[in-house]
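*Asks:* Below are the chains, spelled out letter by letter.
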Amino acid sequence: MNAVGLIFADSYDVAIDELTAQRTLAAIPFGARYRVIDFKLSNMVNAGIRNIGIITTQKYSSLMWHIRGGSFWDLDRKQSGIRFLPPYAYEGVNSNYENRLEAMLAHLNYLKECREKYVVFGCCNYVENVSYEEAMKLHVDTDATITCIYTKNPINKSKNLHVTTYEIADDGKITGCYFEDKLNGSQKNVSASTFIIKREELIQLIEKASRSGGVSFRNDVLVPLIKEGKVMACEAKRPMLFIDDLSCYLKSNLKLLEPDTRKQLLKNEDRPIVTRVKDSAPTRYGKYAVVTNSIIADGAIIDGEVRNSIIFRGVRVKKGAVVENSVIMQDSTIGTGAHLNYAVIDKDAVIQDGRLLSGYITHPFFAGKGVVI
Amino acid sequence: MNAVGLIFADSYDVAIDELTAQRTLAAIPFGARYRVIDFKLSNMVNAGIRNIGIITTQKYSSLMWHIRGGSFWDLDRKQSGIRFLPPYAYEGVNSNYENRLEAMLAHLNYLKECREKYVVFGCCNYVENVSYEEAMKLHVDTDATITCIYTKNPINKSKNLHVTTYEIADDGKITGCYFEDKLNGSQKNVSASTFIIKREELIQLIEKASRSGGVSFRNDVLVPLIKEGKVMACEAKRPMLFIDDLSCYLKSNLKLLEPDTRKQLLKNEDRPIVTRVKDSAPTRYGKYAVVTNSIIADGAIIDGEVRNSIIFRGVRVKKGAVVENSVIMQDSTIGTGAHLNYAVIDKDAVIQDGRLLSGYITHPFFAGKGVVI
Amino acid sequence: MLSKKKCVAMLLAGGQGSRLAPLTTYIAKPAVPFAARYRIIDFSISNCVNSGIDTVGVLTQYQPLELNDYLGTGSPWDLDLRFGGLHILPPYQAQKGGDWFKGTANAIYQNIKFIKRYNPDYVLILSGDHIYKMDYDIMLQEHIENGADCTIAVIDVPLEEASRFGIMTTDEKGRITEFAEKPENPKSTQASMGVYIFSTDALIKYLEEDEANPESENDFGKNVIPAMLADGQKMYAYLYKGYWRDVGTLSSYWAANMDAIGDKPELVLNDPGWRIYYRHSFNYPQYIGENALVTNSICGAGNEIDGKVNNSVIFNNAIIEKDTDIEGSIIMSECHIGKGVKIDYAIVDHGAVIKDGVTIIGDRSGDPVIIERDSVVSGDIMEGGRK
Amino acid sequence: MLSKKKCVAMLLAGGQGSRLAPLTTYIAKPAVPFAARYRIIDFSISNCVNSGIDTVGVLTQYQPLELNDYLGTGSPWDLDLRFGGLHILPPYQAQKGGDWFKGTANAIYQNIKFIKRYNPDYVLILSGDHIYKMDYDIMLQEHIENGADCTIAVIDVPLEEASRFGIMTTDEKGRITEFAEKPENPKSTQASMGVYIFSTDALIKYLEEDEANPESENDFGKNVIPAMLADGQKMYAYLYKGYWRDVGTLSSYWAANMDAIGDKPELVLNDPGWRIYYRHSFNYPQYIGENALVTNSICGAGNEIDGKVNNSVIFNNAIIEKDTDIEGSIIMSECHIGKGVKIDYAIVDHGAVIKDGVTIIGDRSGDPVIIERDSVVSGDIMEGGRK
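Chains as they are written, first to last, in the working numbering: chain A, 1 to 373; chain B, 1001 to 1373; chain C, 2001 to 2387; chain D, 3001 to 3387.
If we strip away everything but chain A, and leave its shape as in the complex, we get:
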């Protein structure tokens, strides 16, 4: 595909501070072995995009280490590949940026140096397996200026956060864009914050919006174009799982326990979701292991009970421990006789023998990276 990809690694309009305290949004672990950015990256690579810029502002160290030179996605190429776009990297890029317009303005030189005709750009506040080829076909066929990807089924979108919705005419043209206080049942079309546009047009629009004092991509670029009738909508038809807050994050992880979600999101052989290779050993189940309805990553050692849970690489669930309805991230240990229910345990945590840690689906219990409880 003759397009450059642009990924905003940071959070806009999400409230998942627990998991972003030490890492940028895009680096949040998800689904037993992935990080959130793996989905966006893989979608782009699967669509034939070979040149991808990642705009970061802070705490992007684990993201850089995860992606390295991009070789896991065959993106360590000579003439293209992954390019990190952090603050201060370029002359004139001197400060952090608060919104997408500012971020793109800061890295306009990157966009100018690319040679691709189109730009596919978007945020990382959900995971999905989407076909950008179809969106691009629609974009080219309808001769739109911008095509916006949206969903009619925003799975696990928070009801307490601002949300951008579209009004869409029968011909697929977007006729309105609303920034609403919160999600409610009446909204049909929720923005996926992902867009397709000609590269040179994007550059012009950003420069123009910036000259006239604009501060928001939505208000100062998108809305005026909608009024001109130049914006198309493209529906993402496969499940789109949002991670707006910790409860949404837990629910979206557990959603993978449904075979159909797993199939559409992870198991599509033509559209693999690729992640960093870890050289883990096989999962080892002990004599006392009782695992049901769970996803277990490689390198885990399970000798306790695990039900309705997502277990990351290298996790150890000891004999007599019970884990239910929880997400246990990489290399954490659940001690003998400990009992976890509706918990999200970040990396490298140690839950000692006999602890009972229980939240609820709307208010999961959370243990931070490396904590010992």
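Be careful, since some hints might not be right.
According to the in silico footprint, chain B covers these stretches of chain A (three or more CB under 8 Å from chain B) [unchecked claim]:
1. 59-65
2. 68-77
Below, simulated BS3-like cross-link-like pairs (lysine-lysine); rule was C-alpha separation at most 25 Å, straight line [said to hold, decoys possible]:
3. C:2133 <-> A:278
4. C:2308 <-> A:287
5. B:1078 <-> C:2205
6. B:1267 <-> A:347
7. A:208 <-> A:152
8. A:278 <-> C:2264
9. C:2205 <-> A:263
10. B:1227 <-> B:1182
11. B:1227 <-> B:1263
12. A:278 <-> A:267
13. C:2005 <-> B:1267
14. C:2308 <-> C:2264
15. C:2205 <-> C:2116
16. B:1287 <-> D:3102
17. C:2005 <-> A:263
18. A:188 <-> A:159
19. C:2116 <-> C:2102
20. B:1263 <-> C:2004
21. B:1112 <-> A:278
22. A:78 <-> B:1369
23. B:1255 <-> D:3342
24. C:2308 <-> C:2355
25. A:255 <-> C:2006
26. D:3205 <-> D:3187
27. D:3102 <-> C:2102
28. C:2308 <-> B:1263
29. D:3005 <-> A:263
30. B:1267 <-> D:3005
31. B:1318 <-> D:3264
32. A:251 <-> A:182
33. A:287 <-> C:2339
34. B:1287 <-> D:3005
35. C:2006 <-> B:1117
36. B:1318 <-> B:1347
37. A:318 <-> C:2173
Since the hints were made in silico from the structure, they are not lab data. Backbone N, C-alpha and C fix where the C-beta goes; we use that ideal spot for every residue, glycine too.
Once you've looked at the hints, dock chains B, C and D against the given chain A.
*Replies:* Frame of chain A; chains B, C and D shown alone:
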């Protein structure tokens, strides 16, 4: 070698603003095909160092693009490799840093995560082909806390800049460290701003200096240790070419025209200086080419006269042009009948037909990146 | 980056492995899958990498396609280097005609040019068909300290098995005084592992002499080692005491797989200090269903398991449906085991389909039942009969 | 990243290149150095990459060591991919015995498994021994538009030379009506370049039929193409009009090298839109000395030139001392040309040393003088005599 490398990509104690306006010091082009950091990186790799952190503060985009994932130096490894350490990358690293102590303090987590026993760290204000193995041997044999690399022959060191010098006893122990206003003939031992120390000791020293309000690695870490008699000196015996200012930069480039310098710096097959691969075509000489005593990179097309000069990749010297005592960087064009003497022409510049541009060895004529004259 | 390597490894991966048939019908023995995620050759290559040896020539000959593809650029083992790294060395034709590799020594002889390029002081010769975790660097240090021309790694075997091996007799300093290939009356229990370190000059000299001898079978064990010993070269034994398994037969292959399961497995796969690297196929995390009970087993990625699995090794992307019972078996990648199946003491090769309700039971006193690659089984198989 | 490739290239690199001897004594023809920096095979591989084809199988047989080493992981061509990329395909032994590749068609037949892995719609067959810059994607588009089973790239040759080639006769739409291998009385001047695109199904069908025919020589030009034509398959010619040189003889090799020099060279090497990629050896920039005069030439890296060089091609790391005069010659890597030497119309192969004062003059009506690899020349050579 059981050591991690740490490179400060930014400028301390240099005044070469012309070339650092758009790039960090380490990314300055040198010697027809290299960038300054290639020397430090290659020295480290040739000594068997496989894990290297690069501390950057600003304008490091071209440096990142030059180094990519590190594959040109076989550094794109699974368990180690190149790691960029830019501002804001880690939680708590929130600001730019003014000196080496602050920079190391900001990235202390990186040093803590490494497993190597030693750290070799240094600056990029010169190019050299040095054996860190020899320095390490001396360091281990003498049981020093810090070993400092220095030179008795600081070729093309500016006489107008501050300079750090050492007083060294007969047994190689450093007995004094002086920060002097300028270089003068009486100073024998000039610091190469490159050090070897045990990793854990470095971490402790930085934390201690920081707690007691220290702001300078030299004054607050090195000098106290010298007083305790714990610092050794290791002489770098091969030529060390400084690039303190534009005149020094020009002179150090032209120094490569001496066979012995070339041999010691670039042509040592056991210690290759490796740079990014460019896939340039062979150098093409036209009918009217007259080239003497010059270094010409691949991809250049020469149909004019070139004397005592350094010509980078992709440079075009047209018929009738004369280039003398100059450095012409990548992809610049020198037009028909133009005459350059003692000039430093940055990348992508166009010198139009018939221009006469002449500086002097102490005050070279400079044309910036992409200018048209 | 230096223009020289201290030690280069040459890995003999050309064997046909006929005693492992039918697992080796389409693939070379070193490429046979092992322990849920690996191939047999991963152990030797990972040993090299973990021992600090970053230049490995892999000599191939028999059914190399899948092996070549598996090795690829060497990137899974971090051996995709600009200087050094992993190189596949197939047989070739030269100006004066070419030939397949004759014996093990001839295979190395034909690739002396490869060795010379790296100008190594030492050459490590390995075979790619054993399962073990060995630090060759310790052996190399001993070789250097002994000033040896050749060092041969040995393990201590039970006396009654010694006549199946090449047996070393050594003096009190470990210097080899006698070597007997499969002796009827073994004089010691130190058996060769087929792992040799040679000082490069000695290796090249003896390979050239061996090649010039028309009566030689060009084999290290039969020809080169005895010739060196006869010449009084300094040859030492290096006693290795860790885990080591020959997986030359179906039952030894099965047993070695079983070594990787259990609370304290004999073969530890998740030692962060000695990783076994392997090539990842695309997959996703495994799902364990509502009806599953997986115990005392190891499993790769991408499986969907809804049955009972015990004392077993399950590779990648296998589907095991409910009401199925798998005991003491090896299920390779992409297999589909239907509902109500019972499998006991079997090896189900890649891509096989076991239909609902089938029972497969092996005879534990013999080899396990082998279900061949991509086959479809709809009838019962009992007591060691072959499909 | 998708699990399928649209087009896979198979590059036949097994030829012995005996007419290029002695340049091919130790290396396969595709590995022969060319134009100061490249190897002959770089052109075909770079064409693939520049045409958007990222999966290339290279079939090797004769003297592959240096070629294998040169190709390595494929990284110089950006072909070190996790899915796709460059793969070396040597001959191999299978369970029922193995064999060297017989003809060009047999070589592809033996690697059908490789092709199938990528499930391509089209297969591009190339030989690795021509110098040209061709966008195979344009040819592929024509193939698709024509709904062809096979498309053969042709160039227009002078009528008097046509009988040296495979000659196509086509109808007004480019469909091939007749094919004659080296015809005495050629009916057209459209000569096959040995570049074929096949629809995968047709290729596999005809390869299998060809293999089953014991009388076939298993050659594309002699057997497969005529068989397809006889069956009425849809076969089209694709007329290529760009630069193309066969470098099969020493004088054509010399002439093609000379095409890369001059103000407006016929063979443009520094076209940023069509880069020719190559593997870099370690080197440093070249130094042109006080006494040098280098004109109308191309030079690689790392040279130290202090003599007069005109109309010549100088590879890497050569030393050319003062008072020396080189005209119309090719000096390969690592050569050392002493003082007061005169060389005219010669090819000095890798590593040769020409002692002070030697004169080497070739006969322009014949092949250039060849100074063999690593030889030392201390006496004069005049008029086309071979050393």
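*Asks:* Could you work out which earlier hints the structure fails to respect and list their numbers in ascending sequence?
*Replies:* 5, 6, 7, 9, 11, 16, 17, 23, 25, 26, 28, 30, 34, 37
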